[in-house]
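Chemist: Here's the letter readout for the chains.
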Amino acid sequence: MYGFEAMTFNVHGGFLEAIVRGYRAGLLTAADYNNLCQCETIEDIKMHLSATDYGPYLANEPSPLRTATLVERCTQKLVEDYSFMLTQSAEPLTTFLEYITYGHMIDNVVLIVTGTLHERDVHELLEKCHPLGMFDSIASLAVAQNMRDLYRLVLVDTPLAPYFSECITTEDLDDMNIEIMRNTLYKAYLEDFYKFCKSLGGATAELMSELLAFEADWRAVNITVNSMGTELTRDDRRKLYSNFGLLFPYAHEELAVCEDFDTVRGVVEKYPPYQAIFAKLSFGESQMLDKAFFEEEVKRLILTFEQQFHFAVFFAYIRLREQEIRNLMWIAECVAQNQKGRILDGVVMIF
Amino acid sequence: MALSNASSWLHALLYISPYTFSALGIALSIGVSVLGASWGIYITGSSLIGAAIKAPRITSKNLISVIFCEAVAIYGVIVAIILQTKLESVKSSQQHFPESMRAGYALFASGIIVGFANLVCGLCVGIIGSSCALSDAQNSTLFVKILVIEIFGSALGLFGVIVGIIMSAQASWPSSRI
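Protein sequences, first through last, are from chains H and Z. Note that the UniProt record's numbering numbers the first sequence so that position 6 is 6, with each residue one more than the last. Note that the UniProt record's numbering numbers the second sequence so that position 103 is 103, with each residue one more than the last.
One side of the interface only, derived from the structure: several residues of chain H facing chain Z at Cβ under 8 Å:
{"hint": "1", "residue": "A6"}
{"hint": "2", "residue": "G14"}
{"hint": "3", "residue": "A25"}
Between beta-carbon pairs, the in silico distance windows are:
{"hint": "4", "chain 1": "H", "residue 1": "A276", "chain 2": "Z", "residue 2": "S60", "range": "42 to 48 Å"}
{"hint": "5", "chain 1": "H", "residue 1": "K291", "chain 2": "Z", "residue 2": "L142", "range": "30 to 36 Å"}
{"hint": "6", "chain 1": "H", "residue 1": "D345", "chain 2": "Z", "residue 2": "R57", "range": "37 to 43 Å"}
{"hint": "7", "chain 1": "Z", "residue 1": "L142", "chain 2": "H", "residue 2": "P56", "range": "26 to 32 Å"}
{"hint": "8", "chain 1": "Z", "residue 1": "A169", "chain 2": "H", "residue 2": "E206", "range": "46 to 52 Å"}
{"hint": "9", "chain 1": "H", "residue 1": "K299", "chain 2": "Z", "residue 2": "V77", "range": "48 to 54 Å"}
{"hint": "10", "chain 1": "Z", "residue 1": "I53", "chain 2": "H", "residue 2": "L246", "range": "35 to 41 Å"}
Some chain Z residues judged to face chain H by a derived CB distance under 8 Å, without partners named:
{"hint": "11", "residue": "Y42"}
{"hint": "12", "residue": "S47"}
{"hint": "13", "residue": "I49"}
{"hint": "14", "residue": "L123"}
{"hint": "15", "residue": "I127"}
{"hint": "16", "residue": "S130"}
{"hint": "17", "residue": "S131"}
{"hint": "18", "residue": "L134"}
{"hint": "19", "residue": "Q138"}
No lab work stands behind these hints, which were simulated from the structure alone. Here the structure is a predicted model, which is why all the values come from computation and not from measurement. From the three backbone atoms N, C-alpha and C, an ideal C-beta is built for every residue, glycine too.
Whole structure, please, built from the sequences with the hints as guidance.
Modeler: Following this line, the structure appears as C-alpha cells:
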C-alpha cells in the first residue's frame with residue numbers, strides 16, 4: 001500500500017538504505033570536479049582522489065599510473081560496495097540488486113562474442129568485461145558459433161536465459177545480428193525488471209517505473225539514431241523498442257519510420273519531459289545527444305534520494321557511481337592526452 | 001426484548017464483569033503503548049545504525065529520537081498505573097450496578113485511547129526519527145529542524161494521555177457500605 005511501507009520497510013531495508021545514503025555522500029561534488037579539472041598529470045588526479053572514498057583503492061598503486069588502472073581501481077570500489085550490499089540484503093532487495101547487474105551481463109556477453117568473432121584473445125576480452133556483469137561460465141562463450149549454441153552451451157545456466165526466448169535462431173553470428181541480439185536481450189531485460197518493480201509496489205514501483213521508462217525511451221531513441229541508413233528493416237527496428245515508457249506506443253510507430261535526426265527530434269519533442277533534452281541541442285546535431293540524456297538521467301537519479309523507504313536509491317547509487325567513473329575516465333584521458341580544453345565536454349556533473 | 005433472551009449477544013455483553021473491562025483497559029494501555037514505542041525504536045534504530053557507519057558523529061545526537069519513542073512507552077506505563085489505582089473491590093451483589101458498569105467501561109475506554117494514541121504516536125516519531133538520522137548524516141544543520149517536527153509528533157501521544165486520565169476520573173465504584 002502506497003505510503004504505508006514506512007511502517008515495515010525498515011525491518012529488512014532500513015540498515016542498507018542508510019548505508020547507501022552514506023555511500024551517496026561520498027560521491028564527488030562540483031568542488032571536487034573543479035579541482036580535478038585543474039590537474040596537470042594523472043598523479044595530480046590520484047592525489048586529489050586520495051582524500052575521497054577512492055583513496056584506499058588508489059593508495060598502493062605504483063607510479064606512473066595509467067588511465068586504465070585508475071578506472072579499474074575506481075570500479076573496484078563500486079564492486080565492493082555492491083557486493084557488500086548484496087550480502088547484507090534480504091529478499092526482495094537481493095533480487096532487485098541482482099537485476100541491476102543483468103545489463104552489464106548482456107554487455108559482457110556481447111563483448112566476448114563480438115571479440116571472438118574478430119579473433120581476439122579471450123583473456124584480453126575478459127579483462128575488458130565489467131566486473132559487475134561477470135558469471136562463472138563467461139569464458140566458454142567463445143566456443144559458440146550461433147545463437148542456439150550460445151544459449152544451449154553457456155547462457156542456459158545464467159539469469160539471462162529467459163530473455164533469450166525471442167532471439168534463438170540458427171543463423172551464424174555476425175556483427176549485425178549480435179547487435180540485434182544485444183537490443184532484444186536488453187528489451188526483454190528492461191521489461192522483466194519493470195514488471196518486477198511494479199510487483200514490489202509502493203514508492204519503489206512508482207520511482208523505478210519512471211526511471212526504467214526513461215531508460216527504455218532513451219534506448220528507443222538510440223536504436224533509431226544508430227539504425228538510420230543500415231539494412232535493419234522498419235519492422236525489425238520496431239521490434240527492438242521496449243513495450244513500456246512514455247514513447248510507447250504511438251511514438252514508437254513514428255520512430256520506426258524515421259530516417260534522419262531531425263524527424264526523431266520532431267517525434268520525441270512532442271513529449272514535454274524530453275523537450276528540455278532536445279532544447280540543449282541545436283538542429284542537426286546528434287553528437288551531444290548522449291550527453292544530454294546522461295545529464296537528464298543523473299538529474300532523475302538524484303531526485304530518488306528525496307524519498308525514503310524504497311529501493312530506487314540502490315539503483316540510483318550504482319548508476320551515479322558508474323557515471324562518476326565514466327567522468328573520471330574522461331578527465332584522466334583528457335589530462336593524459338593534453339586536451340584539457342575538452343574536459344567539460346564529457347563530464348556530467350552530479351552535484 | 002433481547003435482554004430477556006439469555007443467549008443473545010447483548011445479554012452476554014451486559015453480564016461480562018466490569019472487572020474484565022477494567023483489566024483489559026489496563027492491559028491495552030500499556031501493551032499497545034509498548035508496541036508503538038518498540039515499533040518506533042526499530043524504525044529509528046535500523047536507520048541510525050546504518051547512517052552512523054559513514055557519519056559516526058550522529059549517534060549521540062540521534063539518541064534523542066530513540067528517547068522520544070521510549071517516552072511513548074512511559075506514557076503507557078504511567079496511565080496503566082493510574083488506571084489500576086482506580087480499581088476497587090465491590091460486593092458481588094453490586095458488581096452489575098450501573099455505577100460499577102460505568103467504572104468498568106471508563107477504564108476500558110481510557111486504556112484504548114491511551115494505547116492506540118501512543119501506538120500511532122510511536123510510529124510517527126519513529127519514522128521522523130529515521131528521516132532525522134539520515135538527513136543529519138548528510139547535513140548536520142537539518143537536525144534541529146527535524147527535531148522540532150519530532151517534538152510535535154510526540155505531543156500527539158500526550159493528547160491521548162490527557163484524555164485518558166480525564167476519562168478514568170469518571171470511574172467511581174459503588175461504596176461498599178450499603
